[in-house]
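Let's have the full structure, built from the sequences with the hints guiding it.
Note that the protein sequences, when read in sequence, are chains A and B. For what it's worth, UniProt numbering labels the leading residue of the first sequence as 1, then goes sequentially. For what it's worth, UniProt numbering labels the leading residue of the second sequence as 1, then goes sequentially.
These are computed hints drawn from the structure, not numbers from a lab. These numbers come from a predicted model, not from an experiment. Any given hint could turn out to be false.
Copies of one chain are not kept apart here, so a pair can be met inside one copy or by any two copies together.
With a straight-line cut-off of 20 Å between C-alpha atoms, the simulated SDA-like cross-links for lysine to any residue are [what the hints assert, rightly or not]:
| # | residue 1 | residue 2 |
| --- | --- | --- |
| 1 | Lys158 | Arg247 |
| 2 | Lys121 | Thr99 |
| 3 | Lys121 | Arg247 |
| 4 | Lys13 | Asn24 |
| 5 | Lys121 | Asp103 |
| 6 | Lys158 | Arg220 |
| 7 | Lys13 | Asp164 |
| 8 | Lys158 | Gly168 |
| 9 | Lys158 | Ala318 |
2 protein chains.
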Amino acid sequence: MTRNDARTLEELKAALPAEVLTTNPDTMEAYRRDRANDPNPGMPLVVVRPTTTEQVQTVVRIAAANGTPIVPRGAGSSLSGGSTAVDGAITLSVDRMNTITVDTSTRTLTTGPGAINAEVKAAAAEHGLWYPPDPASFEFCSIGGNIATNAGGLCCVKYGVTTDYVLGMTVVLADGRAIRLGGPKLKDVAGLSLTKLFVGSEGTLGIITEVTLRLVPAQRQPTTLVATFPTLEAATNTVIDVSRTMRPSMAEFMDRTTINAVEDETRMGLDREAAAMLIFQSDEAGDHAQTEILEIERLCHHHGATECYATADPDEGAAFIQARRMAIPAVEKTGAILLEDVGVPVPRLGDLVSGIAAIARKHEVSIPVLAHAGDGNTHPLVVFDPTDEAMKDRAERAYGEIIDLAISLDGTITGEHGIGRMKRPWLVDQLGEDVMELNQRIKDALDPQGILNPGSVFAMRPETQVHVVAGGQQ
Amino acid sequence: MTRNDARTLEELKAALPAEVLTTNPDTMEAYRRDRANDPNPGMPLVVVRPTTTEQVQTVVRIAAANGTPIVPRGAGSSLSGGSTAVDGAITLSVDRMNTITVDTSTRTLTTGPGAINAEVKAAAAEHGLWYPPDPASFEFCSIGGNIATNAGGLCCVKYGVTTDYVLGMTVVLADGRAIRLGGPKLKDVAGLSLTKLFVGSEGTLGIITEVTLRLVPAQRQPTTLVATFPTLEAATNTVIDVSRTMRPSMAEFMDRTTINAVEDETRMGLDREAAAMLIFQSDEAGDHAQTEILEIERLCHHHGATECYATADPDEGAAFIQARRMAIPAVEKTGAILLEDVGVPVPRLGDLVSGIAAIARKHEVSIPVLAHAGDGNTHPLVVFDPTDEAMKDRAERAYGEIIDLAISLDGTITGEHGIGRMKRPWLVDQLGEDVMELNQRIKDALDPQGILNPGSVFAMRPETQVHVVAGGQQ
Numbered sequence: 001m002t003r004n005d006a007r008t009l010e011e012l013k014a015a016l017p018a019e020v021l022t023t024n025p026d027t028m029e030a031y032r033r034d035r036a037n038d039p040n041p042g043m044p045l046v047v048v049r050p051t052t053t054e055q056v057q058t059v060v061r062i063a064a065a066n067g068t069p070i071v072p073r074g075a076g077s078s079l080s081g082g083s084t085a086v087d088g089a090i091t092l093s094v095d096r097m098n099t100i101t102v103d104t105s106t107r108t109l110t111t112g113p114g115a116i117n118a119e120v121k122a123a124a125a126e127h128g129l130w131y132p133p134d135p136a137s138f139e140f141c142s143i144g145g146n147i148a149t150n151a152g153g154l155c156c157v158k159y160g161v162t163t164d165y166v167l168g169m170t171v172v173l174a175d176g177r178a179i180r181l182g183g184p185k186l187k188d189v190a191g192l193s194l195t196k197l198f199v200g201s202e203g204t205l206g207i208i209t210e211v212t213l214r215l216v217p218a219q220r221q222p223t224t225l226v227a228t229f230p231t232l233e234a235a236t237n238t239v240i241d242v243s244r245t246m247r248p249s250m251a252e253f254m255d256r257t258t259i260n261a262v263e264d265e266t267r268m269g270l271d272r273e274a275a276a277m278l279i280f281q282s283d284e285a286g287d288h289a290q291t292e293i294l295e296i297e298r299l300c301h302h303h304g305a306t307e308c309y310a311t312a313d314p315d316e317g318a319a320f321i322q323a324r325r326m327a328i329p330a331v332e333k334t335g336a337i338l339l340e341d342v343g344v345p346v347p348r349l350g351d352l353v354s355g356i357a358a359i360a361r362k363h364e365v366s367i368p369v370l371a372h373a374g375d376g377n378t379h380p381l382v383v384f385d386p387t388d389e390a391m392k393d394r395a396e397r398a399y400g401e402i403i404d405l406a407i408s409l410d411g412t413i414t415g416e417h418g419i420g421r422m423k424r425p426w427l428v429d430q431l432g433e434d435v436m437e438l439n440q441r442i443k444d445a446l447d448p449q450g451i452l453n454p455g456s457v458f459a460m461r462p463e464t465q466v467h468v469v470a471g472g473q474q
Numbered sequence: 001m002t003r004n005d006a007r008t009l010e011e012l013k014a015a016l017p018a019e020v021l022t023t024n025p026d027t028m029e030a031y032r033r034d035r036a037n038d039p040n041p042g043m044p045l046v047v048v049r050p051t052t053t054e055q056v057q058t059v060v061r062i063a064a065a066n067g068t069p070i071v072p073r074g075a076g077s078s079l080s081g082g083s084t085a086v087d088g089a090i091t092l093s094v095d096r097m098n099t100i101t102v103d104t105s106t107r108t109l110t111t112g113p114g115a116i117n118a119e120v121k122a123a124a125a126e127h128g129l130w131y132p133p134d135p136a137s138f139e140f141c142s143i144g145g146n147i148a149t150n151a152g153g154l155c156c157v158k159y160g161v162t163t164d165y166v167l168g169m170t171v172v173l174a175d176g177r178a179i180r181l182g183g184p185k186l187k188d189v190a191g192l193s194l195t196k197l198f199v200g201s202e203g204t205l206g207i208i209t210e211v212t213l214r215l216v217p218a219q220r221q222p223t224t225l226v227a228t229f230p231t232l233e234a235a236t237n238t239v240i241d242v243s244r245t246m247r248p249s250m251a252e253f254m255d256r257t258t259i260n261a262v263e264d265e266t267r268m269g270l271d272r273e274a275a276a277m278l279i280f281q282s283d284e285a286g287d288h289a290q291t292e293i294l295e296i297e298r299l300c301h302h303h304g305a306t307e308c309y310a311t312a313d314p315d316e317g318a319a320f321i322q323a324r325r326m327a328i329p330a331v332e333k334t335g336a337i338l339l340e341d342v343g344v345p346v347p348r349l350g351d352l353v354s355g356i357a358a359i360a361r362k363h364e365v366s367i368p369v370l371a372h373a374g375d376g377n378t379h380p381l382v383v384f385d386p387t388d389e390a391m392k393d394r395a396e397r398a399y400g401e402i403i404d405l406a407i408s409l410d411g412t413i414t415g416e417h418g419i420g421r422m423k424r425p426w427l428v429d430q431l432g433e434d435v436m437e438l439n440q441r442i443k444d445a446l447d448p449q450g451i452l453n454p455g456s457v458f459a460m461r462p463e464t465q466v467h468v469v470a471g472g473q474q
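And the structure:
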């Protein structure tokens, strides 16, 4: 198969309504980057914004026939470059496929992949129900992107990640066939666990065009505890101890630099001198939330917390969570950032956090750390001045060393953001050659031409790369 | 690749300690059947009982080199014939790989696949921790078999199924390589979700030799409610209503025939006249269990329950659960059974149960039904007299019609037992040709020779079947 992108474009124009498709460079500009901010994104051949599964099938069939690659895109909020445009590829945005329906009798929600996580939550809440997964970006990330990356969030420490809530889906395969997997059935073990395989596949195995999500009864109002610590170790040891015996509904971590960046924004009176701050929530029933929070507070004091503040007031609790959610944007105001997503088994959290501090000192860059501490999932933010080339190099080296550190601690290079294009070079370091080869075998079985999201997770094949002359489109 | 089973046997004898291997027909007899009781099981070439991953690798390498198929086997408690012996194949029993270690710092448990589910639960409980999945057979089923089938159980309605607790595993691939997936990390999205793919793969993609399981804090003592109903519909409507808004930790169903079979055994005073009985539990904290049970009781009365009995006494509650757990053995005393495992979306439960009653009438066989009702997962038990050939035929037709009924209700032909060999002919009816082909593509990618558990889930290939003359072993 050689690429024939000119024919692809012609056929797409003939097959799709005009408003589904654009080749206007100004319009396409908005589809080149995602939140990973790749400095050298590709330029799409065309951006398509289908509204139905059938239109997605049409796009994929034409692309497959002509060997043209496709980059699927949700809300473009990928932090790992999973939806960064590829030169000469179709960018297929699912943002218009966002119709949500709730079925209270099965307690499920069915939606197009383009719906925003917050819209899904709101639709469930209208019926007194809850869709738990809550990436910090829930107000602007799409459910399709959440499923593509098996996204996590703050409540995952108790309520699990995206895959735990996906019961079924419609997927358009690499040859354009659409299949339906699962449905509103709570238990189903007929055949291989394909639904689970597509969750977290980052658009490399198929294009998800509809999903059925499991909902649960609304969360109870949580009780919140905020504790500050004189050392990083005191904070991480507290998390490790809490994790041994309890299941708080939230267990978040911010280090001093993060606290200060947030305090600069909020002026809410956070302790700027603390080495670290932890935010816990308990949503147990009635007095039991209070009991759980008191026990966590006891452990905080045991590990030398300088201050503990508990509140059952929902607004006050929400303000602390809001502070945590704004940590990344707050740090972004202090410079450009390389955002990490490394995780470790919870007992290694202290080693990871202190190791990151050492890497920051070594490379003379600031690396504030925030973390879904109860999951062992951290977000070190490597800050640099983009106009300072030497500093940028040091930041990139620090970024790589944090990944190496996580792997050396039996951790993961990505807990919830995905591999995308940014972390692909390191994937084999974590998985090893054999597991990488097994990934590739499944990729090849499902996408033999390698046209689905090339360069993300898996290396781009030579034949998938744009030929400047042959295609006639460059 | 042609099969050379004689060489396989020779090489296994040379490579493995003598006690790992047997070709004694009397000893092998015990490894021919599982609980599906296939009347015509195969006769293994050899039974191997390795104790280490390395020994499993040795077996697989030799088998792969000679084209000899392998049937992996846990405790032999499969209800779908997943570990029924195949003529001329190696039966690889993992029963000796049963060492359990608990790591309280990561709140995980690592075990060989041969450990019994109850042993895993007990090891966790020693540390105040809990491994939730609880198939009714938990006292004699292996954790490896649970993972192979993504087994469910009674508490799954609130606590999820096996896959929700598997964090990592060691797998021996079809070429004998061993890979390690995941580990004691709570969040990890690096690469495809291979751990999830192997869960539920029924030994067809690789042989799992070690698993790391997530544990949770010990369950609180539940409060139990038993309610009897004058009609099947009243009972199923109650379940549907409860499922809309609540999350009981158990929601089980037994129909009149099942109640009577259990009462024959226990003489515990169950209402023999009731059309159906429901057993609910709530394990919410403190008074909230009582509150939840009271609300469920209100719904039971609303739907016309003839009697409701609630108890917070743990022993009394356990007695009812024990009654439920003994339902299958109790019914088995009334005749031979064909055990079903069909499931539907919860709102279709009434249609399924009444449809099964109609099938029983049509074919003049007794089909008592018990169910994990809150999951929509039912176990109709088609009872027949094995000496009555005509009745046996009618039972088999009823079995097939129940499967067809489940599919017509957007359900599944197996909620937790797996496809195995018994349900393979119906799998395509549920999945459709395209999804079946997708399953097969993954199977072919991971087991190109088709030597892993042939005939289970996937059709056996001609070249995998034993050649009576060529192999020289028959």
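Right, here's what the structure says about each hint:
1. Lys158 with Arg247: Answer is both; intra-copy 6 Å and inter-copy 15 Å each pass.
2. Lys121 with Thr99: Intra 13 Å, inter 43 Å, cutoff 20 Å: intra-copy only.
3. Lys121 with Arg247: between (22 Å within a copy, 19 Å between copies)
4. Lys13 with Asn24: within (13 Å within a copy, 70 Å between copies)
5. Lys121 with Asp103: within (14 Å within a copy, 35 Å between copies)
6. Lys158 with Arg220: Intra 13 Å, inter 16 Å, cutoff 20 Å: intra and inter.
7. Lys13 with Asp164: Neither, since 39 Å and 45 Å both go past 20 Å.
8. Lys158 with Gly168: Answer is between: at 19 Å across copies they meet the 20 Å cutoff, but 22 Å inside does not.
9. Lys158 with Ala318: This pair counts as within: shortest intra-copy Cα distance 18 Å, inter-copy 27 Å.
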